[in-house]
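> This is what each chain is made of:
Protein chains: 2
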Amino acid sequence: MKKVNIGILGYGTVGSAVDRLIRHNPSLGLYVKRVCDVSPKVKHHKLTRRAADIINDPEIAIVVEAIGGINPAKKFVLAALKAGKHVVTSNKELIALNLPELSAAAKKSRVSLLFEASVGGGIPILGPLMSDLAANKISEVYGIVNGTTNYILSKMTKEGMEFSEALKRAKEKGYAEADPKKDIEGYDASYKAAILAAVAFRARINWKKVAFEGIARIEQEDIRYAKEIGYVVKLLAVAKRKGNEVEVSVHPTLIPRDHPLSFIPGPMNAIYVKGEPVGELMFYGQGAGGGPTASAVVGDILKITNYGLRITNLELKSIKMKDVAETYGQFYIRMLVPDRSGVLAKISRAFADARVSIAVVNQRETIGKNANLVIVTHEAQQAELNKALARLRKMPVVRKVCNIIRVGL
Amino acid sequence: MKKVNIGILGYGTVGSAVDRLIRHNPSLGLYVKRVCDVSPKVKHHKLTRRAADIINDPEIAIVVEAIGGINPAKKFVLAALKAGKHVVTSNKELIALNLPELSAAAKKSRVSLLFEASVGGGIPILGPLMSDLAANKISEVYGIVNGTTNYILSKMTKEGMEFSEALKRAKEKGYAEADPKKDIEGYDASYKAAILAAVAFRARINWKKVAFEGIARIEQEDIRYAKEIGYVVKLLAVAKRKGNEVEVSVHPTLIPRDHPLSFIPGPMNAIYVKGEPVGELMFYGQGAGGGPTASAVVGDILKITNYGLRITNLELKSIKMKDVAETYGQFYIRMLVPDRSGVLAKISRAFADARVSIAVVNQRETIGKNANLVIVTHEAQQAELNKALARLRKMPVVRKVCNIIRVGL
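Those protein sequences? They're chains A and B, same order as listed. Sequential numbering of the first sequence, starting at 1, is according to my numbering. Sequential numbering of the second sequence, starting at 1001, is according to my numbering.
Some hints here could point you the wrong way.
Stated by the list, open to error - One-sided excerpt, in silico: chain B residues whose CB lies under 8 Å from chain A:
1. L1021
2. Y1031
3. G1122
4. G1127
5. L1133
6. A1134
7. G1285
8. V1298
9. Y1307
10. V1337
Source of the hints: derived by calculation from the structure; they are not laboratory data. Keep in mind that this is a model prediction, so the values were computed, not measured. The beta-carbon is built from N, C-alpha and C at its ideal position, and this holds for glycine as well.
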């Protein structure tokens, strides 16, 4: 059997793991003809410094893009597609921001563009959404898709650490990068939310409209109180569809203790899917690392070599993306208030005036002359909650609104 | 677009749900041209009583077999494959017992044979094992694949019920059939274990060599003690490979409380997979019911209509199936012994003589003059354990060996 020639752009963790997996498994029928990396540290007997040596090589059928980021990855991927090469990529930022454009380029050249590794590392999720679950109408996707933040929140939950200490541990363990901004602030999860929504709903998702927030404001007090009322704090990537409207966002969420997503430990990932008629599903596994990512990349390559290109006919339709202000949810609000009578009446009035109904009120331990007041609302629109919050922030009895966290799925 | 004609054999829960799903989703490009059922209760405007009307119809491209059991399903499936029709089936018994023969027939006619719905209901598991995970060497698959027994064990665990009461509840809830033998005794799970092993290892599995046992012997005392030492009792379908040897079995298992399979509630299913380089994965969802099963059946149909037949080129290799006596594991043994000194010394001697080393001993509450004695062994070969058990059963101080349960994964 003649082997299919592969070119790898970017020889970091992912690119080198893909190379290794292919070399160690000759029965896959693949051959790495060339790898490209500009770092002077990279040594490889098939190395080139020029991406064009791969993009313009007529013997290379499939290009793996494992550079990451937009520049120069996008330019190379477009050039490879234009040159008639199938492209497999693990680049979540590239796909989240450019899927319609790249997909159109692939279609024009009648080649495949696959990107299973861009969400959930080794977990098969985009493949099942595209293929196995194709008979379903998917209504909701919730993902724990960032291992760094899940590790930190797990440490805070299990060991009572504050955020900063847990982040330090994550860095020591290699789960967080030296500059953890992309993970901690929710950028990474926002890319994955956009990709999940695009594939689950076959829709054009504008990443700029994905509302996202990170976990840096979560304090031990929030974790502890959540636990008391039967919840666990997780950072969720959310994609919901109702009719022709979708909601795509990333935010910390209080998840009920009996929901399967509440059990996802340490650096693991999981994606929970609801569809009709399949019901509830969850996919769990290692969301990062060379091995799991290489499993997804080479799995995509084998789809191309084994089944041909039609697998990627992802028709992306236009769809209305809800503004975050229009979305509904239950909310947990923790604020610092003076520990004296009459305060609660004033605060309750502010919620009522904004038509936000309160489900639970809990006054917590005093800190000096102040106390932590926790309020959990009934289902309310974010816009209405924002009105209540604006008013609360102006009230002298509200020393500080410490945190606002979504409750439930 | 011209629609693809489908014929459905068997119009029970699965067949009718498939029909409904296709009718309600015209955009799938499918059309149910004929359904066949011999039950006088079935009414349908496309009904025939003769399977030949579907099998011999040149306009029907894909046959769905949803009759269940071997006879006449096998005859019909072979005839349909021979007539050049793709076959999609939800029939676990048929596939577990006949995969190599049916696969060869499909190959000969150059058509597809797909059976995602035969394991785990709506959970995509065979698709991911065949396709998304194709770059991996799968070493272990553990499945909670029978909802009836998982519901019963969950009731026993959460609500302290004895087996018979939990079984009654399962019948009331519709989770157990009037004759629950196939579920309770492990037959159903054994079919699924054989299919999982065949697909995960691309191997010819002889179902007759699958050692299986059910859950009827599990008592509240076992559940309670397992909980005390940090375990949950689940019925597991097991498929392991080491080199060119596989172990396929079904047995109740004490699963550590921190393992993701220990959380699977009520009637849900989950399949846990270990592979290289992907690491650990788990797939979770509804393992039965018309809707989830139809999702899997129609998902398979769409693989055929969208990608063509090459997706089913499952090459099944011969492989050695380990005899259960050759397998290794940790074991939990509960026995009834007289509550007096010297007993433990004699029992320990019997284990030591069979070269089975004891990890934990726990004497439980007395029942009349007897006490429940629980022993957990270190890793031991089943054959050696059997030796110890044979000797114990002959000892006058052992009133009864109540239960033997595997420990750990």
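> Go through the numbered hints given earlier and state which of them the structure violates, listing their numbers in rising order.
2, 10
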